[in-house]
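Throw the hints in and build the complete structure from the sequences for me.
Protein sequence lines correspond, in order, to chains A and B. Per this note's numbering, residue 92 is the first one in the first sequence, and the count goes up by one each step. Per this note's numbering, residue 29 is the first one in the second sequence, and the count goes up by one each step.
Note that these hints are calculated values from the structure, not bench results. Be careful, since some hints might not be right.
Here are the simulated DMTMM-like cross-link-like pairs (lysine to aspartate or glutamate), alpha carbons at most 20 Å apart as the crow flies [to be verified]: (1) A:K159 with A:E135; (2) A:K132 with B:E50; (3) A:K132 with A:E92; (4) B:K42 with B:E80; (5) A:K94 with B:E87; (6) B:K92 with B:E115; (7) B:K69 with A:E149; (8) B:K69 with B:E131; (9) A:K132 with B:D93; (10) A:K159 with A:E106; (11) B:K69 with A:E135; (12) A:K147 with A:E92; (13) A:K147 with B:E115; (14) B:K48 with B:E131; (15) B:K83 with B:E115; (16) B:K48 with B:E80; (17) B:K94 with B:E50; (18) B:K69 with B:E115; (19) B:K42 with B:E87; (20) B:K69 with A:D121; (21) A:K108 with A:E135.
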Amino acid sequence: ELKVEQNPLFLSMQEGKNYTIYCNYSTTSDRLYWYRQDPGKSLESLFVLLSNGAVKQEGRLMASLDTKARLSTLHITAAVHDLSATYFCAVLNTGNQFYFGTGTSLTVIP
Amino acid sequence: GAVVSQHPSWVICKSGTSVKIECRSLDFQATTMFWYRQFPKQSLMLMATSNEGSKATYEQGVEKDKFLINHASLTLSTLTVTSAHPEDSSFYICSGTGGLNTEAFFGQGTRLTVV
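Structure (structure tokens):
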């Protein structure tokens with residue numbers, strides 16, 4: 092069974108600070124996705140990482156993928172309040188099924 | 029990006045009744061649809077995967093007779109919660125993908141409350 096773990100589960104950080112969220116998965120996969128979820132809402136796609144060494148950046152968020160280590164990171168640079176949300180990574184298995192990480196609830200405080 | 033339209037957004041129903049949730053892919057052909065359930069402050073749990081024209085594949089622990097999934101066309105999939113009970117109250121989300129190595133697009137979600 093494919094397991095996807097995120098660390099940390101909860102994160103409170105001050106505006107302007109940097110932090111990294113980690114996503115570990117248990118089986119071989121070359122496809123890793125990051126999503127954002129606001130309370131009561133569905134998922135918003137942030138990044139799709141399709142190969143080892145892939146790095147993508149959008150605004151204050153940057154995601155990377157190391158398929159050999161089965162690790163993806165989501166780095167937050169100079170956090171702002173608008174980034175407060177829950178972030179999920181998800182891995183696609185060979186059966187084309189998504190398995191989601193535990194989620195990281197991020198609160199950015201002034 | 030592509031759009032998956034899910035409705036209703038929220039529904040309240042009585043115990044013992046059935047509820048149907050629809051997901052439509054508006055500008056792409058969703059060869060595969062996924063259905064997820066999310067309890068408060070938890071992650072999304074995959075319930076089932078359906079390919080157009082085929083029977084859905086259910087995850088372990090998900091009752092296929094209770095959660096009926098139909099994916100009769102490339103643009104429409106439905107989830108029917110039969111004989112709903114309060115413990116079925118949850119946030120249900122669908123997503124569709126057009127094939128391997130393509131992104132999955134998520135519906136807006138349906139909040140089901142069974143009273």
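Query raised in the report: Any of the earlier hints contradicted here, and which numbers?
Result: 1, 3, 4, 7, 8, 9, 10, 12, 13, 14, 15, 19, 20, 21
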